[in-house]
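Under my numbering, residues 2 to 71 are what the sequence shown spells out, in order.
One should not assume that every hint holds.
Claimed, not checked - Listed below are the simulated DSS-like cross-link pairs for lysine-lysine, each with C-alpha atoms no more than 30 Å apart in a straight line:
| id | residue 1 | residue 2 |
| --- | --- | --- |
| 1 | Lys30 | Lys19 |
| 2 | Lys19 | Lys68 |
| 3 | Lys66 | Lys30 |
| 4 | Lys19 | Lys29 |
| 5 | Lys66 | Lys29 |
| 6 | Lys68 | Lys29 |
| 7 | Lys66 | Lys19 |
Derived by calculation from the structure, the hints in this document are not laboratory data.
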Amino acid sequence: PAVANEPWLPRPEAAPPKLTYVAQSGLKKHATLASGAWPTTPQEVTSDSRAVQGAVTEETAAELKVKVGA
Numbered sequence: 002p003a004v005a006n007e008p009w010l011p012r013p014e015a016a017p018p019k020l021t022y023v024a025q026s027g028l029k030k031h032a033t034l035a036s037g038a039w040p041t042t043p044q045e046v047t048s049d050s051r052a053v054q055g056a057v058t059e060e061t062a063a064e065l066k067v068k069v070g071a
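With these hints in hand, go ahead and build the complete structure from the sequences.
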């Protein structure tokens with residue numbers, strides 16, 4: 002997991018949030034898009050990448066208080 006330093010992320014018990022980034026092949030076959038667009042990667046993603054697109058469940062979005070395009 003990668004430690005996330007964004008100040009808007011919840012910190013239960015003052016612990017820094019940790020994120021795990023994964024790429025799911027065949028995601029469109031197994032999930033329904035609730036809003037927005039499926040994530041794309043126009044170029045290679047590396048440890049130096051400053052931004053990437055992603056998708057989360059509706060429950061995760063609500064917990065993190067994120068909206069489409071955040």
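* If you check each hint against the structure, which ones fail? -> none
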